[in-house]
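Below, each chain spelled out in residue letters.
2 protein chains.
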Amino acid sequence: MADTPIRFGIIGCAEIARRVSRAILLAPNATLSAIASRSLDKAANFAKANGFPPEAKVYGSYESLLDDPDVDAVYLPLPTSLHLKWAVLTAQKKKHLLLEKPVALNVAEFDQILKACDENGVQIMDGTMWVHHPRTQKMKEFLDDKERFGQLKTVHSCFTYFAPPEFFQNNIRVKPDLDTLGALGDAGWYGIRSILWAADYELPKTVTALRGPVVNEEGLILDCGASLHWEDGKTATFNCSFLSNLTMNITAIGTFGTLHLTDFIIPYQEHEASYTTSSKARYNELGTGWVPIPSEHNVNVDLPQEACMVREFAGLVGNIKKNGAQPDNKWPTISRKTQLVVDAVNASVEKGFEPVEIVS
Amino acid sequence: MADTPIRFGIIGCAEIARRVSRAILLAPNATLSAIASRSLDKAANFAKANGFPPEAKVYGSYESLLDDPDVDAVYLPLPTSLHLKWAVLTAQKKKHLLLEKPVALNVAEFDQILKACDENGVQIMDGTMWVHHPRTQKMKEFLDDKERFGQLKTVHSCFTYFAPPEFFQNNIRVKPDLDTLGALGDAGWYGIRSILWAADYELPKTVTALRGPVVNEEGLILDCGASLHWEDGKTATFNCSFLSNLTMNITAIGTFGTLHLTDFIIPYQEHEASYTTSSKARYNELGTGWVPIPSEHNVNVDLPQEACMVREFAGLVGNIKKNGAQPDNKWPTISRKTQLVVDAVNASVEKGFEPVEIVS
Numbered sequence: 001m002a003d004t005p006i007r008f009g010i011i012g013c014a015e016i017a018r019r020v021s022r023a024i025l026l027a028p029n030a031t032l033s034a035i036a037s038r039s040l041d042k043a044a045n046f047a048k049a050n051g052f053p054p055e056a057k058v059y060g061s062y063e064s065l066l067d068d069p070d071v072d073a074v075y076l077p078l079p080t081s082l083h084l085k086w087a088v089l090t091a092q093k094k095k096h097l098l099l100e101k102p103v104a105l106n107v108a109e110f111d112q113i114l115k116a117c118d119e120n121g122v123q124i125m126d127g128t129m130w131v132h133h134p135r136t137q138k139m140k141e142f143l144d145d146k147e148r149f150g151q152l153k154t155v156h157s158c159f160t161y162f163a164p165p166e167f168f169q170n171n172i173r174v175k176p177d178l179d180t181l182g183a184l185g186d187a188g189w190y191g192i193r194s195i196l197w198a199a200d201y202e203l204p205k206t207v208t209a210l211r212g213p214v215v216n217e218e219g220l221i222l223d224c225g226a227s228l229h230w231e232d233g234k235t236a237t238f239n240c241s242f243l244s245n246l247t248m249n250i251t252a253i254g255t256f257g258t259l260h261l262t263d264f265i266i267p268y269q270e271h272e273a274s275y276t277t278s279s280k281a282r283y284n285e286l287g288t289g290w291v292p293i294p295s296e297h298n299v300n301v302d303l304p305q306e307a308c309m310v311r312e313f314a315g316l317v318g319n320i321k322k323n324g325a326q327p328d329n330k331w332p333t334i335s336r337k338t339q340l341v342v343d344a345v346n347a348s349v350e351k352g353f354e355p356v357e358i359v360s
Numbered sequence: 001m002a003d004t005p006i007r008f009g010i011i012g013c014a015e016i017a018r019r020v021s022r023a024i025l026l027a028p029n030a031t032l033s034a035i036a037s038r039s040l041d042k043a044a045n046f047a048k049a050n051g052f053p054p055e056a057k058v059y060g061s062y063e064s065l066l067d068d069p070d071v072d073a074v075y076l077p078l079p080t081s082l083h084l085k086w087a088v089l090t091a092q093k094k095k096h097l098l099l100e101k102p103v104a105l106n107v108a109e110f111d112q113i114l115k116a117c118d119e120n121g122v123q124i125m126d127g128t129m130w131v132h133h134p135r136t137q138k139m140k141e142f143l144d145d146k147e148r149f150g151q152l153k154t155v156h157s158c159f160t161y162f163a164p165p166e167f168f169q170n171n172i173r174v175k176p177d178l179d180t181l182g183a184l185g186d187a188g189w190y191g192i193r194s195i196l197w198a199a200d201y202e203l204p205k206t207v208t209a210l211r212g213p214v215v216n217e218e219g220l221i222l223d224c225g226a227s228l229h230w231e232d233g234k235t236a237t238f239n240c241s242f243l244s245n246l247t248m249n250i251t252a253i254g255t256f257g258t259l260h261l262t263d264f265i266i267p268y269q270e271h272e273a274s275y276t277t278s279s280k281a282r283y284n285e286l287g288t289g290w291v292p293i294p295s296e297h298n299v300n301v302d303l304p305q306e307a308c309m310v311r312e313f314a315g316l317v318g319n320i321k322k323n324g325a326q327p328d329n330k331w332p333t334i335s336r337k338t339q340l341v342v343d344a345v346n347a348s349v350e351k352g353f354e355p356v357e358i359v360s
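So the protein lines, in turn, are chains F and D.
At position 50 of the first sequence the residue is numbered 50 (our numbering), and the sequence of numbers has no breaks.
At position 290 of the second sequence the residue is numbered 290 (our numbering), and the sequence of numbers has no breaks.
Do not rely on the hints blindly, as some may be mistaken.
Identical copies go unnamed one by one, so any copy, or any two together, can satisfy a pair.
[Stated by the list, open to error] In the BS3-like style, the derived pairs of lysine-lysine whose C-alpha atoms are separated by at most 30 angstroms in a straight line are:
no.	residue 1	residue 2
1	K93	K57
2	K205	K48
3	K280	K175
4	K351	K205
5	K140	K48
6	K115	K94
7	K351	K280
8	K42	K175
9	K140	K94
10	K351	K93
11	K42	K140
If you are wondering where the hints come from, they were derived from the structure by calculation, not from laboratory data.
Bear in mind that the values here come from a model prediction, so they are computed numbers and not experimental data.
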């Protein structure tokens with residue numbers, strides 16, 4: 001007997017909700033149950049355009065979706081400044097919570113969300129998709145290999161995209177009443193997460209913003225970078241921007257190996273994804289070439305990364321719902337660490353690029 | 001009638017001199033004329049092992065090579081601390097100078113070398129090979145393309161290699177009496193040069209060393225990084241290390257384009273080399289892939305990059321020798337800028353990672 005799928009409600013018709021709707025439809029253990037917008041028409045149009053099943057409910061207010069007993073879990077892609085209010089309310093309504101990133105405006109807010117989830121026994125996970133891609137697991141096996149990769153020494157990560165002029169007028173990411181984190185919370189979130197991922201989620205000791213961040217008239221970051229430094233000597237740098245061509249690289253260098261990829265957040269193609277590894281590379285005898293040349297690895301994708309994310313989340317929810325398990329702590333811990341580093345970069349910018357110690 | 005080739009003498013039998021000897025043999029306008037070592041046997045063995053023509057002279061002292069009227073130009077791969085003395089003497093002996101990198105221990109020393117070259121009318125060029133690779137010119141065309149690449153926003157470059165234990169005992173690069181720059185002057189030189197290259201050799205306004213450099217017992221840098229910042233908002237980061245797997249990447253991101261390669265100093269193979277460009281990349285409609293996917297470009301290599309370097313240098317020397325031209329200022333200016341940034345990184349480390357202004 002197949003398990004009953006976890007029933008998802010979506011609050012807000014954000015662009016990203018289209019992809020997550022499709023992911024919920026694709027995930028074997030999830031189903032689309034409801035959509036809410038402040039406009040009933042908008043919600044109805046969204047449901048129609050995104051393949052919601054006919055029995056899915058359409059709400060003209062977020063509250064009414066949260067009161068629906070047929071909703072197990074809520075996907076929340078609202079602007080960041082609204083996360084605290086709606087995430088806490090979702091938890092209080094005993095709905096499990098798939099929360100879009102950045103999870104909050106700062107870690108103090110996120111702690112309030114975590115507290116509400118904890119008190120109400122609901123699962124929380126953030127919407128960072130790429131960590132659920134099957135490629136990510138393969139790459140992690142390489143990083144964990146003491147023979148092939150050795151000890152991690154440095155990571156560089158970047159995520160930039162060139163936003164069109166209308167973005168700077170209208171997008172929620174550059175409006176201080178909707179989001180105070182700008183490119184740091186949006187693009188920077190991924191760079192930071194990738195660095196923490198490569199470092200086995202060990203928090204750095206200090207975070208230092210790089211000089212030269214670009215801010216808009218309202219003080220929101222449009223482009224910035226930071227360097228991270230660990231107690232054991234590991235280092236990392238990242239940059240993030242709304243002002244440069246779409247680029248998303250991770251280079252993780254260990255004593256013996258190098259991991260490299262250039263499409264870590266959204267793979268170039270959905271059905272397969274690749275990455276490159278190099279191990280114990282050296283020059284040939286005369287120094288005119290490499291031995292060995294780095295190798296490319298391809299990973300076939302049965303389920304798109306966002307559907308893998310939904311499947312993972314729905315699995316945890318199912319385990320609570322059906323088996324009486326406790327909410328899993330792994331994903332919220334990772335979200336919180338990511339937010340801590342986001343906050344530290346912001347603090348370092350405010351302190352004139354002084355290093356900021358991370359206190360977890 | 002073919003021009004008479006420029007006659008090279010080599011001072012010191014360093015490992016890198018093997019490759020440059022071969023390059024001189026391969027370059028159409030150069031010939032190997034003499035080799036000097038402090039040991040005559042060593043010089044003789046080097047000449048024999050590296051295909052010197054039978055008429056090439058073998059010297060047991062550097063001075064005697066410099067006094068040889070049949071030597072037009074000298075390739076100087078001595079340890080960095082010896083550059084000042086021997087480069088100045090080479091110039092005073094009216095020999096043109098191909099000087100291994102880093103060009104000096106600091107820019108004050110390099111200015112003395114430049115002064116000697118200037119006073120004696122000799123050409124100087126440093127031994128950075130990759131800038132002479134035909135691929136480099138192709139990549140520069142992309143960076144210069146305002147339509148495809150736009151305005152440069154940020155560059156990240158790294159060059160690391162994992163040195164074996166004996167390196168840390170014996171190599172000239174980690175001996176403070178032979179070289180005070182360690183990984184910064186060796187591996188870091190390339191990262192800095194690549195950044196300056198991408199920035200059209202415009203010097204940054206400030207250079208800030210990243211926290212966490214690794215130094216040996218004698219205080220020499222084994223691993224470090226820095227961020228660079230330009231007046232117009234451009235930024236760059238690099239790291240360099242003797243402690244991590246062989247890795248050499250450049251990622252240069254402009255408003256509209258991205259240039260990327262992972263073997264910039266020594267291409268994986270000698271006969272061809274590749275790089276990747278992406279232009280106006282965006283997501284597909286649902287955000288599940290890229291349009292367009294970055295494209296890979298292959299460049300066939302007729303002459304190895306080090307032979308292209310020798311050809312370029314010998315061409316400048318020939319122009320002086322045969323046409324009475326003045327020494328060309330392009331290459332020494334680039335060397336000096338590179339050294340200025342090396343010095344600034346060092347100064348920033350010494351000042352506790354404070355930003356250092358570049359004064360050219």
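Structure-based check of each hint:
When the C-alpha separation of K93 and K57 is checked against a cutoff of 30 angstroms, the pair qualifies only within one copy, where the shortest distance is 17 angstroms, while the shortest distance between copies is 90 angstroms. Taking identical chains as interchangeable, the C-alpha atoms of K205 and K48 are never at most 30 angstroms apart, the minima being 49 angstroms within one chain and 55 angstroms between chains. In the homo-oligomer, the alpha carbons of K280 and K175 lie at most 30 angstroms apart only across protomers (25 angstroms), although the nearest pairing inside one protomer, at 47 angstroms, exceeds that limit. Proximity of K351 to K205 under the C-alpha cut-off of 30 angstroms is found in both arrangements, the shortest distances being 17 angstroms within a copy and 21 angstroms between copies.
Taking identical chains as interchangeable, the C-alpha atoms of K140 and K48 are never at most 30 angstroms apart, the minima being 39 angstroms within one chain and 49 angstroms between chains. Within a single copy, K115 and K94 get their C-alpha atoms as close as 13 angstroms, which meets the 30 angstroms cut-off; across copies the closest is 78 angstroms, which misses it. Within a single copy, K351 and K280 get their C-alpha atoms no closer than 41 angstroms, and across copies no closer than 35 angstroms, so neither meets the 30 angstroms cut-off. In this assembly of identical chains, the alpha carbons of K42 and K175 lie at most 30 angstroms apart only when taken from the same copy (22 angstroms versus 70 angstroms across copies).
For the identical chains of this complex, K140 and K94 are neighbours neither inside a copy (34 angstroms) nor across copies (58 angstroms), given an alpha-carbon limit of 30 angstroms. In this assembly of identical chains, K351 and K93 lie within 30 angstroms of each other by CA distance neither inside one copy nor across copies; the values are 40 angstroms within and 55 angstroms between. For the identical chains of this complex, K42 and K140 are neighbours neither inside a copy (41 angstroms) nor across copies (49 angstroms), given an alpha-carbon limit of 30 angstroms.
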